[in-house]
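Peer 1: Sequences are here, hints too, so could you generate the full structure?
2 protein chains.
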Amino acid sequence: MSWEENVRKVVPYAAGEQPKKEKMIKLNTNECPYPPSPMVARAASLMDLGDLRLYPDYNAEILVESLAEYHDVRRENIFVGVGSDDVLAMAFLAFFDGDRPVLFPDVTYSFYDVWADLYRIPYKLCPLSEDWHMRKEDYFGENGGIIFPNPNAPTGVLESAAFVEDIVRENPDVVVIVDEAYIDFGGESVLPLINQYENLLVVQTFSKSRAMAGARIGAAFGSEKLIRYLDDVKFSINSYTMNLPAQVMGAEAVKDDVYFRDLVKRIVRTREYSKERLKDLGFTFTDSMANFIFATHSRIPAKQIYEALKGVDIYVRYFNKPRIDDYLRITIGTDTEMESLFTFLEKYLSANGGNEN
Amino acid sequence: MSWEENVRKVVPYAAGEQPKKEKMIKLNTNECPYPPSPMVARAASLMDLGDLRLYPDYNAEILVESLAEYHDVRRENIFVGVGSDDVLAMAFLAFFDGDRPVLFPDVTYSFYDVWADLYRIPYKLCPLSEDWHMRKEDYFGENGGIIFPNPNAPTGVLESAAFVEDIVRENPDVVVIVDEAYIDFGGESVLPLINQYENLLVVQTFSKSRAMAGARIGAAFGSEKLIRYLDDVKFSINSYTMNLPAQVMGAEAVKDDVYFRDLVKRIVRTREYSKERLKDLGFTFTDSMANFIFATHSRIPAKQIYEALKGVDIYVRYFNKPRIDDYLRITIGTDTEMESLFTFLEKYLSANGGNEN
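As given, the protein sequences belong to chains A and B, one line each in that order.
Residues in the first sequence are numbered consecutively from 111, following the numbering used here.
Residues in the second sequence are numbered consecutively from 111, following the numbering used here.
Zero decoy hints are in this set.
One copy or two, it doesn't matter: identical chains are merged, so the pair holds either way.
Only pairs whose alpha carbons sit at most 35 Å apart, straight line, appear in this in silico DSBU-like list of lysine-lysine:
{"hint": "1", "residue 1": "Lys-335", "residue 2": "Lys-130"}
{"hint": "2", "residue 1": "Lys-335", "residue 2": "Lys-420"}
{"hint": "3", "residue 1": "Lys-335", "residue 2": "Lys-431"}
{"hint": "4", "residue 1": "Lys-431", "residue 2": "Lys-234"}
{"hint": "5", "residue 1": "Lys-133", "residue 2": "Lys-431"}
{"hint": "6", "residue 1": "Lys-130", "residue 2": "Lys-375"}
{"hint": "7", "residue 1": "Lys-335", "residue 2": "Lys-131"}
{"hint": "8", "residue 1": "Lys-335", "residue 2": "Lys-413"}
{"hint": "9", "residue 1": "Lys-431", "residue 2": "Lys-130"}
{"hint": "10", "residue 1": "Lys-365", "residue 2": "Lys-133"}
{"hint": "11", "residue 1": "Lys-420", "residue 2": "Lys-385"}
{"hint": "12", "residue 1": "Lys-234", "residue 2": "Lys-119"}
Keep in mind that the hints were calculated from the coordinates and are not lab data.
Peer 2: Dropping the structure here:
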């Protein structure tokens, strides 16, 4: 026998391409097109890097406190991690430990089934409706836990807070995780409900609306009990996960609310304008409430458009997966970047049989 | 039934105290008493924080390349993570997946049994000899994997590279992980052996000899195959683990070898001098090759000394555990810090019955 027989074989998550070209337009990984608050750079420049010799605060207190104040919850209701993926992976390990299957939509964030497979957690996919909405009743049966993003990815489709609350209320015996990575772009967060439902975990990230994907910061909000269980798992893996720069810069980002609101507003404005332009070009799409648009073209296959765009260094996301293999997920960039996209599409579509439906 | 029944219950690792006092002397978590290379601060100040909006390079190429050049191995032989704890936890998950027990010493880094419990991996403790050395033959029987630190913690006892190689050679059917967190303070690394043994994983950290605990950087070196399996697990948990500042600063730290060598030399000099002073004070200890000394006093119980030191804001590490509950682990600080320690101990021991054995 060989050492390889013992190895945990997994099919890892495939992240979006990360090309490193000088002049590319990158609309493929839902990053923010604007830099983070200037307060972040200021905080970084004031940091004493001699302190790097010491372990960082394992409770990330300065960051947790700024979040507690911002969201008007207690520190005991907050857990932070190295991006929301870190937080979600730990939540899978901590809370989904039973024999009954965990439920999530058939079209959703493609990390969920990877975590389930890695940790040997059974799961069941609940098909979205034809118009990409979740069907509430699918989540009312026997299960070992529930997770979904709201708005959903890669569709951008938002469910109401009342809809989410119904699912949480109907499932007091399991943990319900709501992944709110994109909530700031037009949805209503269920974060205030954590005081009411002990089994609700709300996960957010600094990678999208706070323009800090490069700092790796995610957060979970939940009942004190839920957070304590998450902490136990975290302290069983790595005591010190968030480094000094992330803690310092993250805390400052939260404090600059004026910048944050303005940034979100700009992205939403560009998104709504982009919907009009895409419609004129013969695309149809969901009414996305995220920082991306999930679109399909009436005539040209998505894959073909994706490749044509790539040929001119415009990167959008294409998923070669059931149900969504004729769709593109287009991140909202700056107005200038979007204009370049539309200009190319106009030419390309007309060269390929006109822009009409 | 309640959602709590499904929760993965664990007893987390307990890190050393992290008091936040202005004037304390902190000799309890094996941090480096000196700041990192000035090149680290320089690199940080040159970093464009606008880039934080983007995801960091998930291969941490600049860091991996600097390590490859430094250790004269290929990039494919290197895996990096958020501190060596992150790397080790992933290695447990990736490589220790069988029914046979993983072997490690009975006195060792106290995270090993925590990871094993978390991931439901069976393990067996191999008792160290009376003089705290590993007994090679203990690791020659049937097992599901092997892990040990060299030098060992908290004893500081070093095994020779030939000793380690014997264990690796005798165990071709399992992965052998050598945790070299403290190797730079006097040991011979088995890193060059990775080209010879496909099943050898060597783990190192930036938290001790590189004075960067606050940046959270660890690395593993192994055969291309071993690293690929580790990558698969990593990309099944969190694609983007190491943030931009860590990558930039880590790469620079590796390049400044003159600073690194001088820093290690200073710590070793203080360690050897400290051994003499502790001996004069009635302590006995192993011949530590790490950045700490593992000491017991001839007359006064370790716990009592630990508490007396704490009373004057000098923090050392005390483990309330079998075999080592009469020992202190004292991190090597600056010469000034050590002098304060000795001065206090001198007074304290003489007030408690003289310094003699």
